[in-house]
Amino acid sequence: MKVEQVSVFLENKQGSLEEVTRILKEANVNIRTLSLADTTDFGILRLIVNDVDTTSRVLRDKGFRVSRTTVVAVEVPDRPGGLHSILEALARDNITVEYLYAYVEKSGENAVIIFRFDDSAAATEVLRKNSFSVLSGDKLYSF
Amino acid sequence: MIYNEEFETLPREALEALQLKRLQQVAQRVYHTVGFYRRSFDEAGVKPEDLKTLGDLKRFPFTTKQDLRDGYPFGLFAVPMSNVVRLHASSGTTGRSTVVGYTHRDIETWSELMARCFVAAGLTKNDIIHNAYGYGLFTGGLGAHYGAEKLGASVIPMSGGNTKRQIMILQDFGPTAICCTPSYALNLAEQGQAMGVDMRSLKLRVGIFGAEPWSDKMRDEIENTMDIMALNIYGLSEIMGPGVSMECTEGREGMHVFEDHFLVETINPDTGEVLPPGEKGELVFTTLTKEAFPLVRYRTRDISHMITAPCRCGRTHHRMDRVTGRSDDMLIIRGVNVFPSQIEAVLVGIQGLEPHYQLIVDRVGTLDTLEVQVEVSDALFSNADEVRVLQKIERRINKDLKDFLGITAKIKLVEPKSLQRFEGKASRVIDKRQI
Numbered sequence: 000m001k002v003e004q005v006s007v008f009l010e011n012k013q014g015s016l017e018e019v020t021r022i023l024k025e026a027n028v029n030i031r032t033l034s035l036a037d038t039t040d041f042g043i044l045r046l047i048v049n050d051v052d053t054t055s056r057v058l059r060d061k062g063f064r065v066s067r068t069t070v071v072a073v074e075v076p077d078r079p080g081g082l083h084s085i086l087e088a089l090a091r092d093n094i095t096v097e098y099l100y101a102y103v104e105k106s107g108e109n110a111v112i113i114f115r116f117d118d119s120a121a122a123t124e125v126l127r128k129n130s131f132s133v134l135s136g137d138k139l140y141s142f
Numbered sequence: 000m001i002y003n004e005e006f007e008t009l010p011r012e013a014l015e016a017l018q019l020k021r022l023q024q025v026a027q028r029v030y031h032t033v034g035f036y037r038r039s040f041d042e043a044g045v046k047p048e049d050l051k052t053l054g055d056l057k058r059f060p061f062t063t064k065q066d067l068r069d070g071y072p073f074g075l076f077a078v079p080m081s082n083v084v085r086l087h088a089s090s091g092t093t094g095r096s097t098v099v100g101y102t103h104r105d106i107e108t109w110s111e112l113m114a115r116c117f118v119a120a121g122l123t124k125n126d127i128i129h130n131a132y133g134y135g136l137f138t139g140g141l142g143a144h145y146g147a148e149k150l151g152a153s154v155i156p157m158s159g160g161n162t163k164r165q166i167m168i169l170q171d172f173g174p175t176a177i178c179c180t181p182s183y184a185l186n187l188a189e190q191g192q193a194m195g196v197d198m199r200s201l202k203l204r205v206g207i208f209g210a211e212p213w214s215d216k217m218r219d220e221i222e223n224t225m226d227i228m229a230l231n232i233y234g235l236s237e238i239m240g241p242g243v244s245m246e247c248t249e250g251r252e253g254m255h256v257f258e259d260h261f262l263v264e265t266i267n268p269d270t271g272e273v274l275p276p277g278e279k280g281e282l283v284f285t286t287l288t289k290e291a292f293p294l295v296r297y298r299t300r301d302i303s304h305m306i307t308a309p310c311r312c313g314r315t316h317h318r319m320d321r322v323t324g325r326s327d328d329m330l331i332i333r334g335v336n337v338f339p340s341q342i343e344a345v346l347v348g349i350q351g352l353e354p355h356y357q358l359i360v361d362r363v364g365t366l367d368t369l370e371v372q373v374e375v376s377d378a379l380f381s382n383a384d385e386v387r388v389l390q391k392i393e394r395r396i397n398k399d400l401k402d403f404l405g406i407t408a409k410i411k412l413v414e415p416k417s418l419q420r421f422e423g424k425a426s427r428v429i430d431k432r433q434i
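Chains as they are written, first to last, in numbering that gives the first Met the number 0: chain A, 0 to 142; chain B, 0 to 434.
Just so you know, the hints here were simulated from the structure itself, not pulled from any lab data.
For glycine and all other residues, C-beta sits at the position ideal for the given N, C-alpha and C.
Incorrect hints may appear among the rest.
Sample of chain A residues at the chain B side, in silico, Cβ under 10 Å [as the list claims (entries may be wrong)]:
#1 LYS1
#2 GLN4
#3 LEU9
#4 LYS12
#5 THR38
#6 PHE41
#7 GLY42
#8 ARG45
#9 GLY62
#10 SER66
#11 THR68
#12 GLU97
#13 TYR98
#14 TYR100
Start from the sequences and build out the full structure, keeping to the hints where you can.
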């Protein structure tokens with residue numbers, strides 16, 4: 000059920016993102032989706048990939064700081080109010096979101112929202128209770 | 000002009016006789032009152048009685064900064080605390096700081112030597128002295144303050160910071176002299192000009208600058224932008240504070256060391272061998288009159304050379320040239336002395352950090368900047384992939400450096416591979432300043 004995300008610490012300097020994508024290309028890793036949080040000095044690149052173990056290993060080997068964190072992926076119809084319906088349910092149960100990012104599935108019918116919560120288990124329970132489609136890691140990685 | 004005509008112009012022979020008498024006394028005193036000196040003299044197989052001539056001093060052991068740290072806080076004091084009237088200290092965490100004490104008479108001596116400095120700079124009781132050295136544990140502020148009062152001048156106890164207010168006071172109170180670090184003088188001039196103040200038209204005519212290395216190029220710049228005479232002063236808290244040596248307006252080539260109170264030797268920093276007068280090396284000081292915190296053969300790590308030629312001002316005290324470097328890795332950042340090891344101690348004191356770091360020192364405009372590049376450790380990053388957690392660590396490092404060492408640094412978290420891994424002696428400092 001668990002979805003794992005790979006986070007990479009990056010300095011804000013020319014070429015650091017390119018180095019990551021090159022390493023992943025050479026390791027034949029496919030990026031499903033990503034987000035980049037940045038400050039003036041550094042950034043954190045967060046990746047959902049088809050192979051979490053290989054991704055962490057090859058990046059670590061090249062001297063990057065890597066961490067694996069648990070996130071929750073929710074599928075909603077891609078139409079107005081889709082994301083809002085999720086956030087409304089979470090707010091009702093006082094679940095706070097650390098960060099989120101999203102992408103639209105190939106079919107174009109659904110969007111997948113990747114959430115990072117303080118307490119993933121509690122959040123998943125609330126989402127289930129409200130009949131949202133919480134995706135498993137396996138499903139997400141192999142879309 | 001000379002403040003203490005008698006002692007500052009003693010013929011060399013009489014001066015050296017006085018030095019020997021005082022040296023013999025201080026050696027006796029430290030041997031019998033300071034455990035550290037008893038041990039170190041015994042280990043070196045020397046007794047105070049062995050000092051028959053000034054040259055005999057070279058057989059005596061050195062005192063190092065590490066010895067002072069090992070004695071933290073009061074281990075090297077030669078008098079009971081009831082006789083100590085003042086304490087000063089360098090920055091640093093426990094065991095990395097050095098603490099110095101003064102008796103009433105020590106404060107009197109220090110005040111007189113600072114008064115000598117002011118007079119050497121051409122000041123009298125009619126001058127108003129703007130003292131922008133930091134007041135507090137740092138010796139600069141209070142040292143200059145007491146000297147100014149001793150002279151009878153009017154002192155403005157400005158301390159550091161509040162640059163706009165300083166410029167207002169420079170305009171409104173009309174001080175004729177200023178004491179601060181040379182880089183702060185340039186900063187004042189720059190900010191004053193930015194505020195539309197004509198710094199050349201102020202009443203200032205003399206600046207007494209020290210606590211950090213500077214050059215003749217900086218002297219020219221300060222003199223041109225402020226229309227003052229800029230003079231160099233030297234001191235270190237271990238020996239006394241500011242006022243160990245001072246340039247005179249007549250010579251402006253080297254600073255007269257007040258040799259009736261301090262004995263200077265120049266050594267080869269690698270071998271410890273005493274060098275002939277005039278050769279470049281590390282300066283070693285022995286305090287001849289200090290009561291609370293006397294030091295024998297203290298290694299300053301400052302590289303300079305002595306000028307023995309007579310000075311046209313009439314003082315017989317030899318001069319030391321500008322300090323041109325250090326024989327250790329101490330950095331002076333905006334007048335604050337800091338060792339890389341002290342920064343390391345602060346970093347490892349923060350949970351989740353590893354001692355992988357690099358220091359980049361630069362000068363932007365007139366002010367020194369320090370960037371501390373710290374590696375993001377696995378422990379830190381694997382627990383948190385959130386920006387705010389990393390920023391919190393940055394703020395914590397920044398605050399601890401400020402609290403423990405009194406330095407303001409820009410903290411930059413870096414990828415592990417950005418920092419070189421050192422084998423053997425690590426060179427953790429990149430100093431880009433062109434002074």
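Status of the hints after comparison with the structure:
1. LYS1: 16 Å, violated
2. GLN4: 8 Å, holds
3. LEU9: 7 Å, holds
4. LYS12: 9 Å, holds
5. THR38: 6 Å, holds
6. PHE41: 5 Å, holds
7. GLY42: Holds. Min distance 8 Å.
8. ARG45: 7 Å, holds
9. GLY62: 3 Å, holds
10. SER66: Since the shortest Cβ distance to chain B is 4 Å, the answer is holds.
11. THR68: Where the cut-off is 10 Å and the nearest Cβ of chain B is about 5 Å from THR68/A, the hint holds.
12. GLU97: Cβ of GLU97/A sits 6 Å from chain B, so the hint holds.
13. TYR98: 8 Å, holds
14. TYR100: This hint is violated: TYR100/A lies away from chain B, its Cβ roughly 13 Å from the closest one there, beyond 10 Å.
In summary, the numbered hints that this structure violates are 1, 14.
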